[in-house]
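> Sequence:
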Amino acid sequence: MAEPTPVAALDSSIDALFPDLDCPACGVDLEESTTFQRYRVCPNCDRHFGMTARERLVLLVDSGSFTETDTALVALDPLRLRDRLPVPDRLAEAQERTGLTDAVITGTGLVGGHSLVLIVLDEHLLGGSIGAIAGEKIILAIELAAARRLPLLAVCAGGAARIQEGMLSLVQLAKIAAAATRLHRDGVLFISLLTHPTMGGVYTGLANQADLILAEPGAQVGHGTVRSGDRPRIAPGETAEAMLAHGMIDHIVGRVDLRQRLTTLLDLFAQRGMARPRGLAGPATPEFAGRATWDETALARHPDRPTARDYLERLIPDLVEVHGDRNGADDRAVICGLGRFDGLTVAVVAQERGRGAEERGRCHEGRMASAGYRKAMRLMRLAGHLELPILTMIDTPGVDPGEDGQEFGVGMALAQTFALMSLLPVPIVSVTIGEGGGAGGLALGAGDRILMQEHAVYTVISPEGAAPRRPTGPEGRGPGARLCLTARECLRLGVLDALVAEPIPGAHADPDGAAEQLREAVIQAYAELAGSGPRRLLDDRARKIRTMGWTTPEGREATRREITDLQELQRTLASSLHDLRDRWEQRHKGRPRRALPRPSLTDLAGRIAARRTSTTPARIPAEPDAPVTREGG
1 MAEPTPVAAL
11 DSSIDALFPD
21 LDCPACGVDL
31 EESTTFQRYR
41 VCPNCDRHFG
51 MTARERLVLL
61 VDSGSFTETD
71 TALVALDPLR
81 LRDRLPVPDR
91 LAEAQERTGL
101 TDAVITGTGL
111 VGGHSLVLIV
121 LDEHLLGGSI
131 GAIAGEKIIL
141 AIELAAARRL
151 PLLAVCAGGA
161 ARIQEGMLSL
171 VQLAKIAAAA
181 TRLHRDGVLF
191 ISLLTHPTMG
201 GVYTGLANQA
211 DLILAEPGAQ
221 VGHGTVRSGD
231 RPRIAPGETA
241 EAMLAHGMID
251 HIVGRVDLRQ
261 RLTTLLDLFA
271 QRGMARPRGL
281 AGPATPEFAG
291 RATWDETALA
301 RHPDRPTARD
311 YLERLIPDLV
321 EVHGDRNGAD
331 DRAVICGLGR
341 FDGLTVAVVA
351 QERGRGAEER
361 GRCHEGRMAS
371 AGYRKAMRLM
381 RLAGHLELPI
391 LTMIDTPGVD
401 PGEDGQEFGV
411 GMALAQTFAL
421 MSLLPVPIVS
431 VTIGEGGGAG
441 GLALGAGDRI
451 LMQEHAVYTV
461 ISPEGAAPRR
471 PTGPEGRGPG
481 ARLCLTAREC
491 LRLGVLDALV
501 AEPIPGAHAD
511 PDGAAEQLRE
521 AVIQAYAELA
531 GSGPRRLLDD
541 RARKIRTMGW
551 TTPEGREATR
561 REITDLQELQ
571 RTLASSLHDL
581 RDRWEQRHKG
591 RPRRALPRPS
601 LTDLAGRIAA
611 RRTSTTPARI
621 PAEPDAPVTR
631 EGG
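Each residue of the sequence shown is one higher than the one before, starting from 1 at the first, in our numbering.
Keep in mind that the hints were calculated from the coordinates and are not lab data.
Given the structure is predicted, the values throughout are model-derived calculations rather than measurements.
Misleading hints may appear alongside valid ones.
Each pair of labels, with its calculated beta carbon distance range [to be verified]:
hint	residue 1	residue 2	range
1	L577	E313	20 to 30 Å
2	E241	D318	22 to 32 Å
3	N44	R261	18 to 28 Å
4	G224	S65	45 to 55 Å
5	A235	A298	46 to 56 Å
6	G27	E241	46 to 56 Å
7	L566	P401	23 to 33 Å
8	E241	T263	37 to 47 Å
9	D186	A542	44 to 54 Å
10	A542	F408	27 to 37 Å
11	D318	A298	26 to 36 Å
12	A357	L168	50 to 60 Å
13	L566	G356	36 to 46 Å
14	A25	A235	38 to 48 Å
We treat Cβ as the ideally placed atom computed from N, Cα and C, and that holds for glycine.
Start from the sequences, fold in the hints, and give me the full structure.
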């Protein structure tokens, strides 16, 4: 890996500017601190101080590798806005003070030996606002990354409104979003780094367009606009830490570790692609001795059984987790991330039930809520457009039964997850490592290859819910057993492709051995999928899901038996309804009917005449005419 720029190349005027420099947060003297001189970070309290765009480039990019682009584009005064200080004078003063022609520097360079395109904003020039020229430089950099298929890194800072350019500044947000969408379509990685402060249009129009969002500790982040030169009080919800807790960013990375983290991500992106893993000799599915359903359920729920995190620490030690559903939450019941599995860059979605009472409580025992499925879909979409194989691990009793589950659309999230997995044009390997509970587990289980550990189980509902009392039959059969299928039964029914052997008596006895056996099975599954193009993957997956349960004699027999049982139930219900109707008729057949008096026609005629008489109004006799008198007479 190429060496970063030496410390001597940084701004050496810090001592002259701050002869008595103490950290305002903890009071430590920073004058002799090499950490502060190089990274502008307090070594005692980890406070991150501001940096210019040039200093950030020196810190991140391999020495001598940066080439600036679009230097001929210079900010002007297109609207000739009247201000206390003329805009050209204000702009000239800011340019002279910062040494920049605009609030953004764009170019190409190397980070850890990997080529990439960089966009670096500087809040010291007009508050880091995006004007027409700055927006054009950002869009040109995005288009350059798409044309060369190079990863894009945007170091975001500022966010003041460029009121001097009015609507010309505002429309840059839509233009940047459109360019970023084309970048995603072309399958190019886009990373943004949020520094203090990242607000307003920079946060909305640029930072949130990225695939992965990193932030420096304590950075002020949010949609609100920062006035140039102003340092408002940071609201509790506008910190990088609050954004991470609410699933709006992926990581908080200190400046000291930032270069290494970026190098790791660029390594994963550079080594992506469906490499052909080594194939394995021997049968993919050995024979296993059968166990009773309740015994297998007990092993699947063993408190010492390895969880998804235990396996990932052994199989993908360099996993870079991504956090949040970008909708206000981060579900700890699911682990999502990118890492290298046996030399192959994969996207991982793993249900985590936790170990110990406290951790299980935080992870809800692996019960994913709607935010968890949205988080999983976010990573799956990223894997789709970056062309990364997907590995899912299933271990959950079911969906989170919280009171707000329906309110936040857990049903819709499940439906969208089912649909998305059927449409992703990348290889998907699904492994059930513990308990697969109903739709909550199956939503992550419809892959191109479906594996199941030897002592894992699949449940329609929990066995306790179906059978409160333990069955006493020799095979452990009963209502609960019928709704809880062992791995061996799932294989016979044709709903999975292979079983993964476990150490005796189970994975809890030898987690390292169980992880190694799981590694071999997953490698074999990816080897079988190697060389399949997107169209073939989608066609084969659709056919696999369509014929699930019909590919084995046992599966066909079970389906026929189910249909026969339904037909028998229909006949039984019809017969019961027929018997009920006959019994009702027989019950009322012998009872005498009540005889009602029937009047004769003469009586009816009399009643009608009487009613007419009573309802006819009486006639009022007319008054006699008064005698007419004549005059004179």
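> If you test the structure against every hint from before, which numbers come out violated?
Hint check: 1, 4, 6, 8, 9 and 14 fail, others pass.
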